[in-house]
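Undergrad: As they're listed, the protein sequences go chains R and A.
Each residue of the first sequence is one higher than the last, beginning at 1 in my numbering.
Each residue of the second sequence is one higher than the last, beginning at 1001 in my numbering.
The set of hints was computed from the structure by calculation and includes no laboratory data.
Every residue gets a Cβ at the ideal spot worked out from N, C-alpha and C, and that includes glycine.
Check the hints yourself; a few may be wrong.
[What the hints assert, rightly or not] Across the chosen pairs, the derived CB separations fall in these ranges:
no., chain 1, residue 1, chain 2, residue 2, range
1, R, Ala380, A, Glu1101, 29 to 35 Å
2, R, Ala380, A, Asn1033, 31 to 37 Å
3, A, Ser1233, R, Trp384, 27 to 33 Å
4, A, Pro1131, R, Gly50, 29 to 35 Å
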Amino acid sequence: MTTVPDLGTPPPTPPAPPAPAPSSSDRRGSPIPTGGMIATRIMELRKRRGLMIALTLVTIGIPTILLLIRLLLHAFDPKSYGPAGGYSIYTGLSAGVLYVFGFIVAATLGCTAGSVDLTEGMFRHLVVTGRSRLALYLARIPAGLAIIVPMVAVGFAIVCAVCVFAAPAELSYDGVNVPAGLSLTGLENWAAGHADVVLCDFNYNGPGLNVPCGPNGVIITGPGSQVPPGSVQPTHAQLRAAAIRIAKQDFPNYSTQFRYPSDSLMIRTGLWIELEAAIGFTVGLGLSSLMGQRTVSVIVMIVLEIVLTPIFSRARIPHFLNLQRAVVGVATAHLAPGGIPVFGGGGGGPGGGQGNPGLIPESHIVAVCVIIAWLVVWTALGAWRMMRRDA
Amino acid sequence: MSTTTLPDTSDKQAAESQWAVETHGLTKRFGENVAVNGVELLVPRGCAFGYLGPNGAGKTTLIRVLLGLTHADSGTMSLLGYPVPKHRDAALARVGAIVDEPRFHGHLTGRQNLQMLAEAREPAARDRIGPSLERVGILQRADDKVSKYSMGMRQRLGVAACLLGDPELLILDEPMNGLDPAGMHDMRDMILSLVAEGRTVVLSSHLLDEVERTCDAVAIVDRGNIIRQGPISELLAGASLVLQVGCSEPDRARALLQATTIGGHIDVGPLGLGITLPTATGRDVIAEIARVLVEGGISLYRLEQIQASLESWFLQVTSRLGAPE
Chain R
1 MTTVPDLGTP
11 PPTPPAPPAP
21 APSSSDRRGS
31 PIPTGGMIAT
41 RIMELRKRRG
51 LMIALTLVTI
61 GIPTILLLIR
71 LLLHAFDPKS
81 YGPAGGYSIY
91 TGLSAGVLYV
101 FGFIVAATLG
111 CTAGSVDLTE
121 GMFRHLVVTG
131 RSRLALYLAR
141 IPAGLAIIVP
151 MVAVGFAIVC
161 AVCVFAAPAE
171 LSYDGVNVPA
181 GLSLTGLENW
191 AAGHADVVLC
201 DFNYNGPGLN
211 VPCGPNGVII
221 TGPGSQVPPG
231 SVQPTHAQLR
241 AAAIRIAKQD
251 FPNYSTQFRY
261 PSDSLMIRTG
271 LWIELEAAIG
281 FTVGLGLSSL
291 MGQRTVSVIV
301 MIVLEIVLTP
311 IFSRARIPHF
321 LNLQRAVVGV
331 ATAHLAPGGI
341 PVFGGGGGGP
351 GGGQGNPGLI
361 PESHIVAVCV
371 IIAWLVVWTA
381 LGAWRMMRRD
391 A
Chain A
1001 MSTTTLPDTS
1011 DKQAAESQWA
1021 VETHGLTKRF
1031 GENVAVNGVE
1041 LLVPRGCAFG
1051 YLGPNGAGKT
1061 TLIRVLLGLT
1071 HADSGTMSLL
1081 GYPVPKHRDA
1091 ALARVGAIVD
1101 EPRFHGHLTG
1111 RQNLQMLAEA
1121 REPAARDRIG
1131 PSLERVGILQ
1141 RADDKVSKYS
1151 MGMRQRLGVA
1161 ACLLGDPELL
1171 ILDEPMNGLD
1181 PAGMHDMRDM
1191 ILSLVAEGRT
1201 VVLSSHLLDE
1211 VERTCDAVAI
1221 VDRGNIIRQG
1231 PISELLAGAS
1241 LVLQVGCSEP
1251 DRARALLQAT
1261 TIGGHIDVGP
1271 LGLGITLPTA
1281 TGRDVIAEIA
1291 RVLVEGGISL
1301 YRLEQIQASL
1311 ESWFLQVTSR
1321 LGAPE
């Protein structure tokens, strides 16, 4: 059939009055999101009941339940179960639970925020408003952080509170209850008075004394003792001298042990965990915006955190060391506060991740640069895809 | 409708444009497939404009290009006088649109979904949430989750979302989908009332009867091309003349008429003869047919001119008429 465009057709009705133009104060082309956009984005995420329950369970529920069980066990049977709090519990829950799972739930939230408008058909409604697509993307960042940061903070505050207020009266060092905060002389004096347990339970790298230890760290003396053939039963003075030597050797390690974490350590640990959560959210947001869907993005983020990061943190792969340093989890592990062990990287030392011989070497400056690069690059990728994507 | 001061000359130029939608040589390709092929579309302001075409003709793609949901490969376009995509934000500030099936966040209520959209618009849009919900008739269900809405209610919510921006131009893609007869009636009334307020409504649909009842002008699109556009009355005036003849001996009547110079196409059916005459056939031909039949001894019971409908005209002009699948 012949195509006959009838362009000269006059309008069927007289032209309407001029269209009201948008007010000059209407800056919807601006890339900066408004407070209202951020607030409604928070509402949209907060109303996802299943997601919020999962986030709450992981960041608040798991530490709370673990600590509650310990509190109850200690309350009913204090001889068999130690206090619920203390330094070791603190480090375990901070680095073992909140750091790792905080990252994963934050990444899940980010992946959700980055993909649901598209998958649920809301994206085109938002684009048709004329609002800058960049502003639509950037509104998600403060909105998501406004949810995940307080949630992690609440979980961490519970951990801190229990670990401080339910801390043991004495320090548990190598399984032995030792007074906390002793000087070198004080530890030596204490060791001299508790030679039995020091000789039998403290770690010691030196010539052995070959003393027979009983089941409870008590040296067996007298007729029942099994002194090795050819040797003689050590005197009480020899045992005291050996205990003092062991105490002297263990003092550097003992001096890093506390009944409960200090205020400054708790603050630094809190900031470190929040940083990890913020990274998880931001990278997850960028990745899911780039991919346009949530499930695969979440899986990739989980694999990154619990598989790739521990491997790249510890294994020294020839010729790929710089690539390993560029993994964000390795970088954040290097920023761990002193005394906090890092997941997959072994126990922390006095210098935190930096002092941890298990981690591949990386300076603080490089670690900070790696983290900033990850945040910037993934935000840019997510925003770029959102600006170019067909809605 | 709200009035605001015009901030600069581009706004003044836009306001002076008589076209709500104007495209020139607009083309959009998906690989080898040309979905929109050099479209020249002019939609006057202040009317209801139907955009018609068979499935896969490129209706929705053109709308998506106009709204900036996908980019054009070539050509120019403007909405309300604002060139897009250059002044996309200014143009879309006064545009409301439903594209495809209206989908929203199912876990939010209708009101909360509109809040999200209002915050992306100007501050005054917040105050229009309630009136918009009331106008489309779902105010009572506004605080229910959208996941509990029927298809028709989501359509209404989509229209409410369009109204948040106090739009000068509404682009509605298949707005009757999912509506029951009463809902279609309400939607038709609402579109007419929007036009009465001075707004322009572009209605993409394949429901020709609804378009004919609602729209002042239409464009027919097929395989990415606009093949006709203009006021419905003028377009139908150019349609073929169809006559229905009730008579005795229809086979002999057909033979008599075929022996004359009247021309056209003659069918014999259960209701008698169906005669389709070329466009611009004069009314004298009707009298000539009656005279031939009576002089031939045929008893003439009925001779009726069938009013051309948009549907019959649409089927005439679309290239798929009779085309093998």
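Undergrad: Hint by hint, note whether the structure agrees.
TA: Now for the hints, and whether the structure bears them out:
no.	hint	in the structure
1	R:Ala380 with A:Glu1101: 29 to 35 Å	holds, 33 Å
2	R:Ala380 with A:Asn1033: 31 to 37 Å	holds, 32 Å
3	A:Ser1233 with R:Trp384: 27 to 33 Å	violated, 49 Å
4	A:Pro1131 with R:Gly50: 29 to 35 Å	holds, 34 Å
When each numbered hint is compared with the structure, a violation occurs for hint 3 only.
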